[in-house]
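Q: Here the structure of chain A is known, so what remains is to put chain B with the ligands in place on it, guided by the hints.
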Amino acid sequence: MIIAERKPMKELLEMVSDVKKLLIVGCRGCVAVCSAGGDKEVSILSAALRLGVKRAGGEIEIHEDTLVRQCDPEYIDPLNDKGAKYDAVLSMACGVGVNFVADRCPDVNVLPALNTTFYGANLSSGEWKEMCAGCGACVLHLTGGLCPVARCAKSLSNGPCGGSQGGRCEINPDVDCIWQQIYDKLSSMNRKEELRQIMPMRDWTTAGHGGPRRRIREDLLP
Amino acid sequence: MSKIKGFCCNYTLSVEVDALKEEGLVPEDLEIERLPCTGRLEVPEILDAFTQGAEAVFVVGCQVDKCHNLSGSYRASKRVKYAKKILEELDMNPDLVEMFFAGRGETEPVVEAARTMASRA
Ligand code: SF4
Ligand code: SF4
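Chain order of the listed sequences is A and B.
Numbered according to our numbering, the first sequence spans residues 1 to 222.
Numbered according to our numbering, the second sequence spans residues 1001 to 1121.
Quick caveat, the hints were computed from the structure, so don't treat them as lab data.
Every value quoted in this text rests on a predicted model; they were computed, and no experiment measured them.
For glycine and all other residues, C-beta sits at the position ideal for the given N, C-alpha and C.
One thing to keep in mind: the hints can contain errors.
[Unchecked claim] Label-pair restraints from in silico Cβ distances: (1) A:L156 - B:N1010: 33 to 41 Å; (2) B:V1064 - A:P200: 54 to 62 Å; (3) A:D39 - B:D1095: 25 to 33 Å; (4) B:A1019 - A:E61: 36 to 44 Å; (5) B:T1107 - A:P73: 51 to 59 Å; (6) A:G163 - B:R1104: 52 to 60 Å; (7) A:P106 - B:R1104: 56 to 64 Å.
Just chain A, with the same shape it has in the complex (with noise of 0.2 Å):
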């Protein structure tokens, strides 16, 4: 899932500084799974700024409401007409719900609550890992499923750097190898042979590096 965290209330504070009237929006996907946006977190951030505002002598009338997701028209598009009524709309969803709303709701200003910070799986309560950095062009077949893209330091494709110690990075050593990991993982399975096999030079226009993606179905399409 999508993996975000609330931005310090420092800076949602001045963000808000001249508003009066505010909403905040929390979503139902994946930042409310990994306890980020969804509704228990806007009660809090509503709590939160009250107080803060309180504290420096302003007055601020928050409203809160959460949508089941913020990257599907069905669910944003009623947003325009609410949110236009406040001074702004306080969005927690992830990057992708803040400007859909944007693109969506022309009369409200969003602003986002939160820094999306990355792909990843839930470790364990309150402990998130990141996995996948959507490269477009997956090679989890080549690497016992184990992503060099996004869990190298330096997205190398055959192997790791000179400074891989121990098992460890040399970014830093609290940091697995990835490359470590393959190694043993594809030993284990028997197939260290493969790794013999050198990947090509990756295309990285699939990941983003050739403009902003757009995928279609046709057969879905309306």
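A: Quick look at chain B with the ligands alone, frame taken from chain A:
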């Protein structure tokens, strides 16, 4: 709003707060809200207490391993922890909110908690 606000579960405080005040055991400006279980308490209620004028807020739940509702007071302690983080982000002293634990029907830890928080406010 009283200056010191406490949230207690049904199973901790067994005496009326007014009686404690009459005996001079707790500060006059103490207000206690009883909850069926402190696990019911959410972060916004803690923050709203400050917005409404409380200078310090505390929560008293069952001992973690003896919670009537198994994990209620543990959950409450996590919410207090997050409320502390938000206070810090708002340049407030995180010690102005605290979690305390008490045995079933024990009044003394609640009195102690109220006094501790009054000294921090
Ligand atoms: S708006 Fe973002 S967080 Fe919400 S469901 Fe869509 S992708 Fe997930
Ligand atoms: S190779 Fe690309 S698509 Fe596959 S997991 Fe890694 S980043 Fe994601």
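Q: If a hint holds in the structure, say so; if it doesn't, say that too.
A: Here's how the hints hold up against the structure:
Distance hint check for L156 (chain A) and N1010 (chain B): the Cβ-Cβ separation is about 59 Å, which falls outside the suggested range of 33 to 41 Å. Our hint of 54 to 62 Å for V1064 (chain B) and P200 (chain A) holds, since their Cβ atoms are close to 57 Å apart. Evaluation of the 25 to 33 Å hint for D39 (chain A) and D1095 (chain B) yields a pass: the beta carbon distance comes to about 29 Å. For A1019 (chain B) and E61 (chain A), the hinted distance range of 36 to 44 Å is satisfied, since their beta carbons lie about 40 Å from each other.
Evaluation of the 51 to 59 Å hint for T1107 (chain B) and P73 (chain A) yields a pass: the beta carbon distance comes to about 58 Å. Our hint of 52 to 60 Å for G163 (chain A) and R1104 (chain B) holds, since their Cβ atoms are close to 57 Å apart. At about 59 Å, the beta-carbon gap between P106 (chain A) and R1104 (chain B) stays in the expected band of 56 to 64 Å.
Hint check: a violation occurs at hint 1 only; the rest are consistent with the structure.
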